[in-house]
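Enquirer: Chain by chain, the residues run as shown.
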Amino acid sequence: MNQPEISTLDRKGASKRGTLSGQSLGLILGVLPLVAFMGVFFFWPLWSVLWSSFEDNFGAFTLKNFEVALGEPYRTAFSNSITLGLISAITSAIPGAIIAYIIESRGSQKLRQFIASISSVLSTTGGVPLAFMFIAAYGAEGSATALLRAFGINIYAGSFTLYSLAGVIFVYSYFMVPTMVIVFSPAVHGIRREWQEAAKNLGATTAQFWRRVGIPLLFPSFISSLLLLFAAAFSAYATARAMTSGSVALVPLMIGNLVDGNVINDQMNLGKALAMGMVIVSLVAMIPYLLIQRRASRWQQ
Amino acid sequence: MVFSKLKSLPLFLTLLIAGLFVLLPLGSSAEFSLRQPTKQNHGFDNYVWFISQPEFGHYMGVSFSLAAVSALILLVLLVPTVVWLNLKGQKLRPFVDFITLMPLVIPVVALAIGAQNSLPEFAQTNQFILSFLYAVLAMPYAYRTLDTGLKAIPLQTISEAARGLGANWFRTIVRVITPIIRGTVLSALFMTLALSFGEYTITSLLHWDTFTTWVTVISQANVMGAIALSVFSLVAIFIFLLLVGLFIKPAASQVAKEEE
Amino acid sequence: MSNSPLELKNVTRRFKDMVALDNLNLEVGSGELVALLGPSGCGKTTALRIVAGLDRADEGQVLLKDRDINHVPAHKRNMGMVFQAYSLFPNMTAAENVAFGLQMRKVSKNKRRDKANELLELVGLPSHAHRFTHQLSGGQQQRVALARALAIEPEVLLLDEPLSALDAKVRTNLREEIRRLQLSLGTTTIFVTHDQEEAMAVSDRVAVMNKGKIEQIASPDVLYNAPATDFVAGFVGSMNRIHATKTGANLFLIGRTVGAAKNGPEVEGSVTALIRHESVRVTADAKSDIVILNRSFLGPVSRITCQLLNGELIHSMMPSAESANLRAGDRVKVELLDKELLFQKA
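Residue numbers (my numbering), protein chains in the order written: chain A, 1 to 301; chain B, 1001 to 1260; chain C, 2001 to 2346.
Please keep in mind that the hints were generated in silico from the structure rather than gathered at the bench.
Being a predicted model, the structure only gives us computed values, none of them experimental.
Hints may be right or wrong, so weigh each one.
[What the hints assert, rightly or not] Restraint ranges, calculated between C-beta atoms of paired labels, are given here:
1. Lys1091(B) x Arg2014(C): 16 to 26 Å
2. Pro288(A) x His1207(B): 30 to 40 Å
3. Ile94(A) x Phe1095(B): 29 to 39 Å
4. Glu141(A) x Phe1095(B): 33 to 43 Å
[To be verified] Only pairs whose alpha carbons sit at most 30 Å apart, straight line, appear in this in silico DSS-like list of lysine-lysine:
5. Lys2106(C) x Lys2213(C)
6. Lys2016(C) x Lys2106(C)
7. Lys2287(C) x Lys2211(C)
8. Lys2016(C) x Lys110(A)
9. Lys1151(B) x Lys110(A)
10. Lys2106(C) x Lys2076(C)
Quick reminder that beta carbons are idealized off the backbone N, C-alpha and C, glycines included.
This is chain A alone, in the form it adopts within the complex:
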């Protein structure tokens, strides 16, 4: 809604607030509470992590923390976490995109709203309850495992176990797929019927429409959604902790171990360096995500 700004002019036409700096003052005051809050509880803690990651045990500048962070076992942990992020993202993005497409294109308005509500709720599952739910259902004595076995599907036929990287990916999908549905649906929704009809009218088959118009339009959104999923899977802590309790090396878990004192390292600030590593990986994923989202929303109006 584009409405004119409230007039700050009095009857004689002179600016009530005085000069331009008066208006700027108003802007600053308005946003001050929020900025102060985020400053104290978000940016300041982050800054301190950055700062401390370069401090040694005595407060002097050092790169040792990062040296250790890039060596073993942390290097494997990073590799595992990134792998986890990628595989989890891809295996959840594809079903999520398909679901989003089918619901958007063939579902009624009510159905779409219903799915949106449910997906929104499911995307918040995580942590301990989620881990236990899966252990209960798909563990060796779980009833879902038994049910599947009744249908001839034995999930433990290979070397699969819930308490591995594969298991974590499996559990993550419970909230990753709904997240994909939420994040990708607006893009699908934006594909107008008129484009499909116009394409048909101009001689394109359905496949040609998707190849020339539909997929080019959806592809950036798909990639950006994938990035978001990656960041989520990479950074997740609670669920991984509940499921693996140390058997799989993941960066968040390593940081947790350092904090809890389960693992002692000479470098007191190693945890901060690892945390900075996580921040960097996350930014690498999220910055393109934000940029693509901004461009894509242009045609989605």
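Chain A is fixed; fit chains B and C onto it per the hints.
Expert: Chains B and C alone, transformed into the frame defined by chain A:
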């Protein structure tokens, strides 16, 4: 209701498979939680067990109060800010959008480490520091919800009408604007509550104890009990948020439709 | 064996609880621009979509050069369609949009590019070839859409309310251009609209539709001066409805006798006479019983609303210069300019 357009086979299959995928773990774990191995039957023993734990009431209380304070913080902080943003602060919109998106971009673990590292002594020993941190985590969702809701009403016109009739800004926001966006505010509030209640990462890394960390602890003592508790909390939050989503959001959009 | 390139024969289309097209028959001549005019829900868009292949008739035939194309899929029909809005592909430039149909027909890249530029010039946008949709105004987008439809040299051009989403000024200009282009290219065209002025301004013939049927199809002149039904009379132009008494071949109303239209209903006694606003003239007369209620200045013409002795209202549309001295409250005498009046049952 929702099945009126079910003539499409792909739609039906998709809903079926997705539905199975969602409900199977829920149903199975519910069944698992009802098992009573010692009695060789099913029953509510596990549920009775955890409810009767003395800590149950205590930790529910702790988590609820932390969540409530967190929601309060966000509302008091965000409602005036978003109102201001939509009325006079349009220029700073990109900036605010960016700031409120930050908690999604940075891993929670990093924030937890930072909080532990930077916050002063008195903050570290008061449990309510968690409320402030929960508020930071919920900020992206709460802000987006409130902003969308406020954009959908003729805010400028209503404010000018209220002010023209003699209300000052405080009155305008509290008595005029907030009731109109009641649905949106409730939605943001409940989202924050749910998020705060279920938060684990910051809580455990800062060595505090709430409902979520307690579940981990009792799982050492009684796995079945912990599983029952998990099922209970999942189902409870699901139903809670679903009700909120289905009943509250339509109210907010109804106002927008009537205004069109 | 007919000469028309396009014919709809006994076309019926039913939706869940209503009949959208009721045994519709329409013949469009070669190079002709026929407008489908009517209120919302009359079936005009449904008819167009059936011709395009985006919808299928339940009964009847769609004949293109005497071939039934009812079962030919939309993408094989070689008809160019312009939608109301938002139909340009946002991931392509204007030129790429225009060339799309040719790309589907496997025309070479160079030929496509040349043809696209040629058409963009034809619609007055030669320098906009590299612009994307969000960089074009509404009017420009519709021109590109038009160019895109014409690029494939369609058998029939189908326009679905192409101007409805545009500003008034842009609308008037663009409709003239569409007509100009259509005439110079000789493309058989169907133009769907709910705006009667638009339909009358550009068409060779106008089909006035109501509830799935064509009430009358004729040239704008005939439609205006000799409406076949009172729906058409009411929809096209503005009509006064005045109580009259019919005896034989005459109507008696407002204190005088006028001829009754020869093709009117076979009734006697109480009828309703239909008189166009511009067929009524008023001049000042202090002794008359007829009073002016209101005068609306519309620029070159003014509409003067008067009240008759029996309370009925009659509107007169006169040049503003002639009616400059008339005011509300003045007494006037009414002059009917037509020798014969249309009428309907009371």
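Enquirer: Hint by hint, note whether the structure agrees.
Expert: Verification of the hints:
Taking the beta carbon of each, Lys1091(B) and Arg2014(C) are about 55 Å apart, not inside 16 to 26 Å as hinted. Pro288(A) and His1207(B) have their C-beta atoms about 36 Å apart, which keeps the hinted 30 to 40 Å range intact. Remark: the range hint 29 to 39 Å for Ile94(A) to Phe1095(B) is upheld by a beta-carbon distance near 36 Å. Between Glu141(A) and Phe1095(B), the C-beta spacing of about 54 Å breaks the proposed range 33 to 43 Å.
For the hint linking Lys2106(C) to Lys2213(C), the alpha-carbon distance of about 40 Å lies beyond 30 Å, and the restraint is violated. Taken as a hint, the Lys2016(C) and Lys2106(C) pair is broken in the structure, with Cα atoms around 40 Å apart against an allowance of 30 Å. Taken as a hint, the Lys2287(C) and Lys2211(C) pair is broken in the structure, with Cα atoms around 47 Å apart against an allowance of 30 Å. With a C-alpha separation of about 19 Å, the suggested pairing of Lys2016(C) with Lys110(A) holds against the 30 Å cut-off.
Annotation: proposed proximity of Lys1151(B) to Lys110(A) holds, straight-line Cα distance about 23 Å (limit 30 Å). Under the criterion of a C-alpha separation no larger than 30 Å, the hint pairing Lys2106(C) with Lys2076(C) is consistent with the structure, at around 14 Å.
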